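Sequences listed follow chains A and L, in order.
Going by our numbering, the letters in the first sequence line up with residues 1 to 264, in that order.
Going by our numbering, the letters in the second sequence line up with residues 1 to 263, in that order.
Check each hint, because a few of them may be wrong.
Said to hold, decoys possible - Each computed BS3-like pair below joins lysine-lysine, with the alpha-carbon atoms no more than 25 Å apart: (1) 239(A) with 88(A); (2) 125(L) with 3(L); (3) 96(L) with 32(L); (4) 80(L) with 191(A); (5) 183(A) with 211(L); (6) 191(A) with 147(L); (7) 183(A) with 120(L); (8) 182(L) with 147(L); (9) 98(L) with 125(L); (10) 152(A) with 166(A); (11) 81(A) with 59(A); (12) 98(L) with 121(A); (13) 182(L) with 121(A); (14) 120(L) with 191(A); (15) 191(A) with 151(L); (16) 166(A) with 211(L); (17) 3(A) with 253(A); (18) 32(L) with 259(L); (19) 166(A) with 258(A); (20) 125(L) with 106(L); (21) 125(L) with 88(L); (22) 238(L) with 252(L); (23) 239(A) with 183(A); (24) 98(L) with 32(L); (25) 152(A) with 211(L); (26) 152(A) with 182(L); (27) 263(L) with 252(L); (28) 87(L) with 191(A); (29) 147(L) with 120(L); (30) 151(L) with 183(A).
These are calculated hints, taken from the structure and not from any lab test.
Model, not experiment: these values are computed from the prediction.
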Amino acid sequence: MSKTLGLALGSGGSRGVCHAGFLLALEEEGITPDYIAGCSMGAVVGGCYASGMSAAEMKQFVTMFKPRDIMDINPTAVITKMSILRSKKIRDLLVTHIGTHDIKDMKIPFKCVATELYSGKLHIFEEGDAALAVQASSTVPTIFRPVAIDGKLFVDGGCLCRVPVKIVKDMGADVVIAVDALKNAAEPVDKVHNIVTMVLRIFDIMDANQTSQMRQLEDGICDLLIEPDMAGLSQYAIKDALKAFEAGYAAGKENIQKIKQLLE
Amino acid sequence: MGKTLGLALGSGGSRGVAHVGFLAALEEEGIKPDYIAGSSMGAVVGGCYASGMSVSELMETLQTLKTRDILDISPAIISKMSILRGKKLYDLLVEKVKVDTLEEMKIPFQCVATELLSGKLHVFKEGNAALAMQASSTIPTVFRPVKYDNKMFVDGGCLCRVPVNTVKEMGADVVVAVDVIKDVANPVEDVQNIIAMVLRVFDVMDAHITKMSRALECGICDILVEPELDGMNGFDTKEVDRAYEAGYDAGKQNVQKIKELLK
Numbered sequence: 001m002s003k004t005l006g007l008a009l010g011s012g013g014s015r016g017v018c019h020a021g022f023l024l025a026l027e028e029e030g031i032t033p034d035y036i037a038g039c040s041m042g043a044v045v046g047g048c049y050a051s052g053m054s055a056a057e058m059k060q061f062v063t064m065f066k067p068r069d070i071m072d073i074n075p076t077a078v079i080t081k082m083s084i085l086r087s088k089k090i091r092d093l094l095v096t097h098i099g100t101h102d103i104k105d106m107k108i109p110f111k112c113v114a115t116e117l118y119s120g121k122l123h124i125f126e127e128g129d130a131a132l133a134v135q136a137s138s139t140v141p142t143i144f145r146p147v148a149i150d151g152k153l154f155v156d157g158g159c160l161c162r163v164p165v166k167i168v169k170d171m172g173a174d175v176v177i178a179v180d181a182l183k184n185a186a187e188p189v190d191k192v193h194n195i196v197t198m199v200l201r202i203f204d205i206m207d208a209n210q211t212s213q214m215r216q217l218e219d220g221i222c223d224l225l226i227e228p229d230m231a232g233l234s235q236y237a238i239k240d241a242l243k244a245f246e247a248g249y250a251a252g253k254e255n256i257q258k259i260k261q262l263l264e
Numbered sequence: 001m002g003k004t005l006g007l008a009l010g011s012g013g014s015r016g017v018a019h020v021g022f023l024a025a026l027e028e029e030g031i032k033p034d035y036i037a038g039s040s041m042g043a044v045v046g047g048c049y050a051s052g053m054s055v056s057e058l059m060e061t062l063q064t065l066k067t068r069d070i071l072d073i074s075p076a077i078i079s080k081m082s083i084l085r086g087k088k089l090y091d092l093l094v095e096k097v098k099v100d101t102l103e104e105m106k107i108p109f110q111c112v113a114t115e116l117l118s119g120k121l122h123v124f125k126e127g128n129a130a131l132a133m134q135a136s137s138t139i140p141t142v143f144r145p146v147k148y149d150n151k152m153f154v155d156g157g158c159l160c161r162v163p164v165n166t167v168k169e170m171g172a173d174v175v176v177a178v179d180v181i182k183d184v185a186n187p188v189e190d191v192q193n194i195i196a197m198v199l200r201v202f203d204v205m206d207a208h209i210t211k212m213s214r215a216l217e218c219g220i221c222d223i224l225v226e227p228e229l230d231g232m233n234g235f236d237t238k239e240v241d242r243a244y245e246a247g248y249d250a251g252k253q254n255v256q257k258i259k260e261l262l263k
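Put together the whole structure using the sequences plus the hints.
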């Protein structure tokens, strides 16, 4: 295998745990990515992996994970601090599990994306505090607190770029494989129950529209698009994470021959 | 003038009053659109105009409009999904729009809305005109989603800021797009609270979607007009005169170009 492999791991909340399953399938075949770019949950999984955590360790972590591990509600500051959670717990968790301090020192070259609120532009993290960059990339608006770094304010990269295909190509990958965890997130629904589900629905619809346009514009950059089958799994339900892991693993196994051929 | 003119009038809340000024500038030069497609405020202004309302009637209505004319706070914000019921807005549209159905419009008119259940852009081509215009301008969380034909509609601007494709498909030879949200996603210095943040995220996503739409629809639009409304807030009802002037100026600036394209 002479060609280099770049993985673009997309956003998807608990559905994004499929990335860990996908990485396990690659690991079992002895395939190690040369570059990883991640967005949101794709940045969490990709960042942990790039810093040295194994796919098996990730599965173990997901099995043990409880909602209270990240729940730190601060009701008095929801309006002014712009989030339901204080996000200290998620921060501590990321610092514990991302073994590398600076992104530049990752074992596998890694970048992640976030949305910068003031400029309104997509920001690519390529150096500096690794855990903070991953936290910024996965800051689901209104749930997690926007991350302030150097006078900038970051929220989830998924607002502007679901799967960072072009970024991993620009890192130097010969072969680009994208894993999209949100395939049918905007599929038709029967009912929208209340104002919160409506806002989430609109976000999903806009994201689907954006992603479909981006695919047309970035046509040809991605060599293989993998969309694990996760119909019915929620982005927001932690209980679905293990199912997502299995779906990612199955998708990895299914595509292994294609991947090997691309790398030849 | 042998060619037909289609106008695509975009979303923008009160900034969309610029569309009225733009139509006034065209009228002064004797230019009448053959087709109009609108999204959100562009659907309100475009629909009223297409139904036979004059520019001066439109402006008079907008200038005398009071917040309380559309303010009908909902008793069930969470379950009914909005702060306002939207009934006053609907009644106002029924009163002002001079036709009942889209088929009766004096100038062929269509408008777009986002259908929540399917997640697709919906083009209103027939049926209740006021309802279609209301659906197109249903700003999420502010106005109640419009239920019609087992569907549920919110603002067209969520998926399509300026319906360039729609007016082209109506049959226009020349397509002029009026986009009133030019600078809305420009850099800001601060985001003060959770509501401002959600609106900011929406604006930033909309700017990104619009930029990609333009790249993909390249060649469909003949002239893109972007009135100068720097700093004006789309929820501000006090600056409608300024929006009108900006639209009027932008119209005047482009009149020669439009005339040449129509030759």
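Item to complete: Starting from the hint list further up, note which numbers the structure goes against and sort them upward.
Response: The structure conflicts with hints 8, 11, 12, although it agrees with all the remaining ones.
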